[in-house]
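K.L.:
Following the hints, complete the assembly by docking chain B onto the known chain A.
In order, the protein sequences belong to chains A and B.
Start counting the first sequence at 1; every next residue gets the next number (our numbering).
Start counting the second sequence at 1; every next residue gets the next number (our numbering).
These are calculated hints, taken from the structure and not from any lab test.
Any given hint could be a false lead.
As the list claims (entries may be wrong) - In silico DSSO-like links for lysine-lysine, alpha-carbon gap of 30 Å or less:
# : chain 1 : residue 1 : chain 2 : residue 2
1 : A       : LYS172    : A       : LYS145
2 : B       : LYS172    : B       : LYS196
3 : B       : LYS96     : B       : LYS55
4 : A       : LYS4      : B       : LYS55
5 : B       : LYS96     : A       : LYS4
6 : B       : LYS196    : B       : LYS141
7 : B       : LYS98     : A       : LYS4
8 : B       : LYS216    : B       : LYS196
9 : B       : LYS96     : B       : LYS196
Chain by chain, the residues:
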Amino acid sequence: MSEKAYEVAHIDELDRFPVDDEGLLWRPVRRRLGITAFGTNAYTAEKGDERVVEEHHEQDGAEELYFVASGRATFTLGDEEIDAPAGTFIYAEPGTKRGAIASEPKTTVVAFGARPGVPHEISAWEEIFVAFGHLRNGNEEEGRKAMAAAIAAKPDAWQGQFNAACFEALTKNRDAAIEHLRRAIELDPRAAEYAQKDTDFDWLRDDPEFPV
Amino acid sequence: MSGTARLSDLATQIGQGPRWAMVRTHFGISAFGVNAYVADEAGGTLISEHDEVGKQAGRHEELYFVGSGHATFTVDGDEIDAPAGTFVFVRDPGVKRKAVAREDGTAVVIAGGRPGEAFTPSPWERNAPALYHFGTREYDKAIEILEGLREETPDDGGVLYNLACAESLSGKREQAIKHLRHAIEVDHTFRELAEKDSDFDPIRDDPGFASAIAGKPDASGAGA
Chain A
1 MSEKAYEVAH
11 IDELDRFPVD
21 DEGLLWRPVR
31 RRLGITAFGT
41 NAYTAEKGDE
51 RVVEEHHEQD
61 GAEELYFVAS
71 GRATFTLGDE
81 EIDAPAGTFI
91 YAEPGTKRGA
101 IASEPKTTVV
111 AFGARPGVPH
121 EISAWEEIFV
131 AFGHLRNGNE
141 EEGRKAMAAA
151 IAAKPDAWQG
161 QFNAACFEAL
171 TKNRDAAIEH
181 LRRAIELDPR
191 AAEYAQKDTD
201 FDWLRDDPEF
211 PV
Chain B
1 MSGTARLSDL
11 ATQIGQGPRW
21 AMVRTHFGIS
31 AFGVNAYVAD
41 EAGGTLISEH
51 DEVGKQAGRH
61 EELYFVGSGH
71 ATFTVDGDEI
81 DAPAGTFVFV
91 RDPGVKRKAV
101 AREDGTAVVI
111 AGGRPGEAFT
121 PSPWERNAPA
131 LYHFGTREYD
141 KAIEILEGLR
151 EETPDDGGVL
161 YNLACAESLS
171 GKREQAIKHL
181 RHAIEVDHTF
191 RELAEKDSDF
201 DPIRDDPGFA
211 SAIAGKPDAS
221 GAGA
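Here chain A stands alone, though its shape is the one from the complex:
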């Protein structure tokens, strides 16, 4: 990333990474523009009735603000259901469960987030999302590069090795999948519990060297 005084990008120029099977497209904004003081991303659902914000709450204490940039969505915020046409802000405290389903085609939501009282840290999950996004878009090698970058950024985190194992299992690379999973379990035995439940590994379970 060159350190220009400013950067410009139109939302249509952002990457489009599928993150699930429900139509949710992740459009990295922070990563594209090189923002470091806070997190920001856009999410698009091309058709109506598709997910446009994953249902979750923020486990790391981040405050999040969503802005419906185009289309219309139905947000869930705690126990409430909110009709949110373009131009609506939705603010979610860290512990509040939130998610959204698009109610019109081409709905895009821009999200902003950070943790109060501490300098912003770039989420480690970004490169992992990029890796699986490339894979879903049919760019396996680009995905593998992104996964390697995610591991390099946090070499002692079991999640990077575990996700790399999933990636290699999905692309039917037996040796690499087993090696990454073994390394993940060495870093944290919880990786074995997750691997038992993860269908990505189903075709490997009978392999004598499968480490679970």
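P.N.:
Chain B alone, transformed into the frame defined by chain A:
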């Protein structure tokens, strides 16, 4: 508290210029800065020219997102065509930036923060709760809030300037001149602003106003 609001409902007319949606203060967000501005008519100012290094600025990196309509940004002297859906990220706090609406109803959402540091609001944003009352013409309420801020930080030029505006608009001529004089003493950039600011129309013909703008000491001896 978690909640929701429409930009069109939040955006309030405060003085001249675009309508301002005080998004961060409305929701009580403390982790990053966020505001929005709406220009109802093409040709209207969306973002006044500023940098992020002045006394009232937060030295933030700023992300502008054109939420609706069409804007023209000028950043570091470069003109940028920005239809709805455009992100303009100004990394360098020292760079001048401004934006004008090219269509009626153009809206820009702005998020900001300082890299490597926990978020603190920009000094100018302390005025937000008081400025809201400018929009509703409840100047006495604005004065009450600004007086509270002035007691906390007697030499905050932004607070003094806004206090002078509210006092001018509510007929408190002497107080307005006194606080404007003090604002210009601590930050001379308020001189140029005051010359063009219609909030001072009620006191513009007062010799005290001319002397405050000229940076002369208070002839009455009351001091600032």
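K.L.:
Compare the structure with each hint and give your call.
P.N.:
Tested hints:
This hinted pair checks out: LYS172 of chain A and LYS145 of chain A have alpha carbons roughly 17 Å apart, not beyond 30 Å. For the hint pairing LYS172 of chain B with LYS196 of chain B, the CA-to-CA distance comes to about 19 Å; that is within 30 Å, so the pair holds. This hinted pair checks out: LYS96 of chain B and LYS55 of chain B have alpha carbons roughly 15 Å apart, not beyond 30 Å. A C-alpha spacing of about 24 Å is found between LYS4 of chain A and LYS55 of chain B, which places the hinted pair at or below 30 Å, so the restraint holds.
As the CA atoms of LYS96 of chain B and LYS4 of chain A are separated by approximately 14 Å, the hinted pair is consistent with the 30 Å bound. Between the alpha carbons of LYS196 of chain B and LYS141 of chain B the distance comes to roughly 24 Å, so the proposed pair stays at or under 30 Å and holds. Between the alpha carbons of LYS98 of chain B and LYS4 of chain A the distance comes to roughly 17 Å, so the proposed pair stays at or under 30 Å and holds. Between LYS216 of chain B and LYS196 of chain B, the direct Cα distance comes to roughly 19 Å. Compliance with the 30 Å bound is thereby established for this hinted pair.
As the CA atoms of LYS96 of chain B and LYS196 of chain B are separated by approximately 20 Å, the hinted pair is consistent with the 30 Å bound.
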